[in-house]
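Please arrange chain B on chain A, whose structure you already have, making use of the hints.
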Amino acid sequence: MIRTMFAAVFSFAATMAHAEIAIQQVTSPGGITAWLVEEHSIPFAALEIRIRGGANLDEPGKRGATNLMVALLEEGSGEIDARTFQAQREALAASFGFGVYDDSFSVSAQFLTENRTEALALLRGALVEPRFDADAIERVRAQVQAIIESDALDPNSLSGAAFNAAAFGDHPYGSSLNGTAESVAALTRDDLLAAHRNVLTRDRIYVGAVGDITAAELGVILDDLLGALPAEGPLLPPMVGFGLAGGVTVIDYPGPQAVALFGHEGITRDDPDYFAAFLLNYILGDGGFESRLMQEVREKRGLTYGIGTYLVPKDLSAMVLGSVASANETMAEAIEVIRAEWARLSTDGVTQAELDAAKTFTTGEYPLRFDGNAPIAEILVGMQMIGLPMDYVSNRNDYINAVTLDDVNRVAAELLKPDALHFVVVGQPVGLESTQ
Amino acid sequence: MLRTALLSSVLFSANAAAAQQVTTYTLDNGMGIVVVEDHRAPVVVHMVWYKAGSADEAEGVSGVAHFLEHLMFKSTDTLVTGEFSSTVAANGGSDNAFTSYDYTAYHQRIAADRLPLMMQMEADRMNNLNLLPDEVDTERQVIIEERAQRTDSDPGALAAEQMRAAQYQNHRYGVPIIGWKHEMEALTLEDARDWYDLYYAPNNATLVVAGDVNPADVLALAETYYGVIPAEPELPERFRPEEPPQRAERRMIFEDERVSQPYLTRSYLAPERDSGAQTEAAALVYLAEILGGSSFTSVLGVKLTFDTQTALYAGASYDADTLDDTAFSLSVVPAEGISLQAAEDAMDAAIADFMTTGVDPVQLERIRAQLRASEIYALDNVAGTANRYGAALSQGLTIADVQDWPAVLQAVTAEDIMAAAATVFNRDQAVTAWVVASREGMIQ
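Order-wise, the sequence lines are chains A and B. Numbering-wise, our numbering puts 333 at position 333 of the first sequence, and it's gapless, one number per residue. Numbering-wise, our numbering puts 397 at position 397 of the second sequence, and it's gapless, one number per residue.
Bound conformation, chain A alone (with noise of 0.2 Å):
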């Protein structure tokens, strides 16, 4: 058989801190690649598939589709029913998750080394012959319209959505993956199958593979799993940009608390600022209770309970959000706050003191990260998808280290725009009207 030629395999091993990941490279005799950290002091593994495109490859009028589609590959595949795929998989208790995501498609898989043959041959029947059944797609449209109806009411899910839909307009990223009440119930089978042919295909599948499994199984697994996909799959989207200005939009819903979202126009993940631009959002809102915005709205004020800053990198765009609740009489003086504190440090920059600490934690956690099969699956699919090479984990913090701090503040003056910040405030704000 051809399954039993060598899977080829190229290695790294990083030494971070004191522990070592030894990466390696696997290509499966079919021509797929996949990382593998091998680790074979607990008898399972943990394997992450990631595929480029996700619920960006929606169809025109087919809002909704990717989202019911991948909700369904648990829904039973080939000879067996839903309820029957679920029996075997509990039986053999492994764990399955399928995500939707704006820019790809995502399968969290575990599952024990005392039966993996048999997990991953389930597995492979929900990627490769989802059976979509007329009972399971009504069932769970029904979850999904439930879920619609829900976001509806829920004031974070309507602040994102007003948020999104003036900024990206009609680009997949202007409207919920969910889909509308009417696209959701206009969803045919065909358009699930089509769905399916269209988001799981091969020419943009990442993997990453940690555990009790060796470089020559992976090899063999990766063509039986994912192997029988198409080969190529429709072009993506075009490259977007952020539509929306500077102001303040205010949705009317009732509570004691009002919460908004806010930011502008953000940075690519592969711009050469970028890790500045980390550093500098790291100050400004991500630092836990050490960032400006926390100290200034929550520890000095009492403004809020909680406030954050995030850079969002999107394949097709870029943004700079942050989020916030706060008592509708003191939502108006939070964003007053917080449009200062980004004045402030556009103008002003951050202080050598602030960057060393940014620096010190940055570099300091980056090695918590790799605490288990799962999470380090992840993060070798993450680095695959960006494009960053084996030993960025010995590097990474180097480059942290290279930022200076003219380099963060040349970036916050550019990045940071106060006059450009969009705040929609979903509540009942004192004082809060919207711009026009």
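Wrong hints could be hidden among the right ones.
A short, non-exhaustive set of chain B residues, derived as facing chain A with CB atoms under 8 Å [as the list claims (entries may be wrong)]:
| id | residue |
| --- | --- |
| 1 | R40 |
| 2 | L79 |
| 3 | E83 |
| 4 | S86 |
| 5 | R109 |
| 6 | F306 |
| 7 | A369 |
| 8 | Q410 |
| 9 | A411 |
Covered by chain A, according to a simulated footprint, are these stretches of chain B (three or more residues, beta-carbon under 8 Å) [said to hold, decoys possible]:
| id | segment |
| --- | --- |
| 10 | 20-33 |
| 11 | 336-346 |
No wet-lab data here; the hints were simulated from the structure. Owing to the predicted nature of the structure, the values given are computational and were not obtained by experimental measurement. Glycine is no exception: its CB is placed at the ideal position from the N, C-alpha and C atoms.
Positioned in the frame of chain A, the structure of chain B alone reads:
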């Protein structure tokens, strides 16, 4: 050395079968120590668990346990406000804390060689906390915002709060951990100070250290930093009021315009894991799985979402890990066009049918296999193991109980499950809630 005189390693136990070696000690001042070894990565989790949670609060000061948890990040005699967390961050670690009904815990995750610094700071704030009026006032606002965000903005959380208040007629499990808003608004610096002075002491705490450490080193460090703190002589015996016999079913309709999907929940008073007697709780773990663990194969899932289209979702849950009587819950989200009454009737019919038919042996073995496998997967999560020990030791269980639990689970029989079900399904001890957007809008 003088310090070795203080050392008293009373307990030593090791779970030989596990990759995670567990070692335990007790300091002379009464502080318990659990060390979980996992040498795969140079990381350590350092936790201190206080046997004081919201259910230990006095009447009128609900939320003080959680309020103090927030204030523990303020200044001490040697650290300025915020310095604790900024020091952890500056060393590449992360830290946080949580408050439950039965305990309050503080934890850091950091490179293993920073353990001494973590112990030094955690020991410092066990005994040397400063409470300043301005900071207490600001932080009170923060916890009220926290309540607004987590509870008052979430109709499901508000409904659950009402249910617990009805479930417990005498026990403080009926009062929310975060507190009733009107009592939170009245919490004073003195309330927080009293709580801290009484409960934050080594004889009321358990140290859990998990990760790339040597138990003897941990013990030596603990002696240095925690061993010098005197025990609290006034620490009261832990007293919790017991539930009286519950003689009448309670029913409620919770109405909130923000409810998108009506649903019903019923909770029954249920026994929890007791030291040396964990079988009934283990049987209830199985019962929850059998009735509502898997959407695809559980009794309620199959009968309400597959055999009939009565529900969008049907499930069961049970929390075995509490100090006092816990709850066993059933929940159903009706399908479109199905009334809550019809959904509740279908749920009751499914349970009644189960009580006559009994446990499906194939399903039982499937669940047993999953519970066994979960012990293998758990070996990959050292922080989870740390939590398991910390919580159990704060809830009246022993190291032996924690280590016996997987075997107790494996030994559960169909008879155990049916006996536990027959006891727990007592409507006189139950609360049933219908959660709706409006009474008028309810499908009849």
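Those earlier numbered hints the structure runs against, lowest number first: The structure conflicts with hints 2, 3, 8, 9, 10, 11, although it agrees with all the remaining ones.
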